[in-house]
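Engineer: With the sequences and hints as input, model every part of the structure.
Protein sequence lines correspond, in order, to chains Z and Y.
Counting in this note's numbering, the first sequence runs from 64 upward without gaps.
Counting in this note's numbering, the second sequence runs from -10 upward without gaps.
Treat the hints as calculated values from the structure; they're not laboratory data.
One or more hints might be untrue.
[What the hints assert, rightly or not] Covered by chain Y, according to a simulated footprint, are these stretches of chain Z (three or more residues, beta-carbon under 8 Å):
1. 161 to 171
2. 277 to 285
3. 331 to 343
[Stated by the list, open to error] Beta-carbon label-pair distances, calculated as ranges:
4. S296(Y) to G267(Z): 48 to 54 Å
5. T375(Z) to L48(Y): 27 to 33 Å
6. E201(Z) to G62(Y): 58 to 64 Å
7. V80(Z) to C59(Y): 54 to 60 Å
8. S112(Z) to T10(Y): 34 to 40 Å
9. L110(Y) to H389(Z): 49 to 55 Å
10. A207(Z) to L48(Y): 37 to 43 Å
11. E201(Z) to G262(Y): 26 to 32 Å
12. R5(Y) to L126(Z): 39 to 45 Å
13. T70(Y) to L126(Z): 50 to 56 Å
14. L210(Z) to L48(Y): 33 to 39 Å
15. T266(Y) to L344(Z): 48 to 54 Å
The C-beta atom is built at its ideal place from N, Cα and C for all residues, glycine as well.
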Amino acid sequence: MSSNLLELTGVAKAFPVPGSGRKRASIRAVDGVDLTIPQGRVFGLVGESGSGKTTVARCVLGLTPLSEGSIVFDGIDLATTDSGVRRRLRREIQIVFQQPMAALNPRMTVDNLIAEPLTTHHLARGAALRERVGALLEDVGLSATHLHRYPHELSGGQAQRVVVARALASGPRLVVLDEPTSALDIVVQAQILNLLVELRDEHGLTYLLISHDLSVVRHLSDRIGVMYLGRIVEEGPAEQLLDSPRHPYTRALLASTRGRGSTTLDEPPPISGEMPSTWDLPSGCRFHTRCALREELGRPTACETTDPASVTVGTRHFAACHFADHVRVAGGGQPGPATPAPDPSKGD
Amino acid sequence: MSRLLEIEDLTVDFSRDGRVTSRALRGVSLTVDAGEAVGVVGETGCGKTLTGLSVLRMLPDNATASGRICFEGQEMLELSTRELRSIRGRRISMVFQSPGTSFNPVFTVGYQIGLVAERHLGVGRKEGQALVAETLHAVGLPNPESVMRFYPHELSGGMLQRAMIAMAIICRPSLLIADEPTTALDVTIAQQILRLLRRLQREQGFGVFFISHDLDLVGDFCDRIAVLYAGRVVEMGATAQLLGRPRHPYTRALLEALPGRAQPGAPLPTVPGAVPTALDDAPGCPFAPRCPLVVERCFEERPVLASVGPDQAAACHRWDAL
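Structural biologist: Here it is, written out as structure tokens:
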């Protein structure tokens, strides 16, 4: 048994396409994702809308059954049918949603909202319940003055703190953070990020962080996975991946982050076109239709014909690109030692 | 450069049953020169969108605007509805945050964009549609002839935002108000849209009034930046100066709170408390209760926007302590 709290192996999720009739067409929103998170660590999953990152989160929470693969939490396969074990898993895996206002019942007060998971899981009642609610409120930086307010009487930041308190109430070990700050203003975002760091340290929490914002992911994560069209195309230690990205998509994402100086707006965009539909996956490498590296290299045929396998490009650093050893970022760090690009004719 | 837009001491009050319920803008002054890009940044509720809407006089019925808005020599607050119509969409146009909700879902994209040309340029349907195709091409949409026949739901967010920009520039306005034009888009698409706006601005020479909550983004796009807090401009300056050496503690707080600049995992500096309510009328500086540099004077005397260096002005008693 390893010390990994969460292990995803070959996770795939296909959704049937309504109206496709007898053909039973389906789209594969997640298509073979492997990832592991050791106890107490933060794994950041980045990608654009439609890359499948939220579907991964829903699979981890057990909100949607897998089509293929397995998810193992603390040595227990999530697909278990033992209802007692499933109930325990519900307590131990929690989520913080993106839109705090939409995640809180508008007709419940803060104390009832925070007490709800405690009573649902029979964790406390009576005076102990009140005490526990008070402690949780304090944990997330709110005070007793907020106890009897309704969600509409809270600011966005306060509401997100209540959502965090609800997630913590059942004593989880893994918390999935799905875009936890993208609905918040900058100063409030900073406050919530600080809170999440504090809570991780205090409670020894493990996070699966999902975000489209690289700077948020960089701030919280130990490891980062970059998703594109249902696959993790690059994965590695946070700093190493951001300092010397080895997949052209990661490189383009980094170049798209803000605050790079106004002259860059006169240069061509770091990435052209839009993400193709999961309906109509490109042949070979899924990224080849938008890849700048492919153009630089004179459109090698491997990109169009062969789906690249994930190769080791550094210490615990992987990229799924035939030409990962060609990727350099201007001014970036030293690229790690790369294994030679696989012979494209072999396929995979 | 000639002055394109001059906003002077603009106040906007919301009232109900004859009583003021919210004082949303409290004396905003700023200018945009021809061809210049001016950014307005601030948090939710600071009045940045309201400032943009005021320029077009698109405020709700229960809002009263006072002060001065002078655009190309015309006093916007004094114009008749008829005169306003000849400016909106022609001399000043606007690009909104969510392209998905800014088009009418039951008409094709080409038809809706064409209406703007027909209304303002006096062209017929056929000529209008030709102009639409040309404009859609200019905003980088492939196959404009087929895009025109699409309904809004058939286009992606990025393509719709390009279509909205086409609608905004089809009459070659001299001022474009862009209200969070990339907030609803993915980062890679946002970069494409920003570059498109920059290219069009260079080619057509319009001024841009760029509204955003994102200082980095505004820093990349704009020549000058105004920082709004609780309905007032607290700092205004050339981009390099303002971002390089902010002279208002609120601007500094906004910059420091960005996670991209800090050591990963280290606590991000934040300011305590919350923005004052829109009715709060305490004397003194609106930021004083949250300010790390606060002194007694800040609670007694309201600081006015004053020059703190070349191309930079701040409304702070203690700007030289920063």
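Engineer: Work down the list of hints and note, for each, if the structure agrees.
Structural biologist: Against the structure, the hints come out as follows:
{"no.": "1", "hint": "161 to 171", "in the structure": "violated (count 0)"}
{"no.": "2", "hint": "277 to 285", "in the structure": "holds (count 7)"}
{"no.": "3", "hint": "331 to 343", "in the structure": "holds (count 7)"}
{"no.": "4", "hint": "S296(Y) to G267(Z): 48 to 54 Å", "in the structure": "holds, 53 Å"}
{"no.": "5", "hint": "T375(Z) to L48(Y): 27 to 33 Å", "in the structure": "violated, 60 Å"}
{"no.": "6", "hint": "E201(Z) to G62(Y): 58 to 64 Å", "in the structure": "holds, 59 Å"}
{"no.": "7", "hint": "V80(Z) to C59(Y): 54 to 60 Å", "in the structure": "holds, 56 Å"}
{"no.": "8", "hint": "S112(Z) to T10(Y): 34 to 40 Å", "in the structure": "holds, 38 Å"}
{"no.": "9", "hint": "L110(Y) to H389(Z): 49 to 55 Å", "in the structure": "holds, 50 Å"}
{"no.": "10", "hint": "A207(Z) to L48(Y): 37 to 43 Å", "in the structure": "holds, 40 Å"}
{"no.": "11", "hint": "E201(Z) to G262(Y): 26 to 32 Å", "in the structure": "violated, 18 Å"}
{"no.": "12", "hint": "R5(Y) to L126(Z): 39 to 45 Å", "in the structure": "holds, 43 Å"}
{"no.": "13", "hint": "T70(Y) to L126(Z): 50 to 56 Å", "in the structure": "holds, 52 Å"}
{"no.": "14", "hint": "L210(Z) to L48(Y): 33 to 39 Å", "in the structure": "holds, 38 Å"}
{"no.": "15", "hint": "T266(Y) to L344(Z): 48 to 54 Å", "in the structure": "holds, 51 Å"}
In this structure, the earlier hints numbered 1, 5 and 11 are contradicted, and the remaining ones agree with it.
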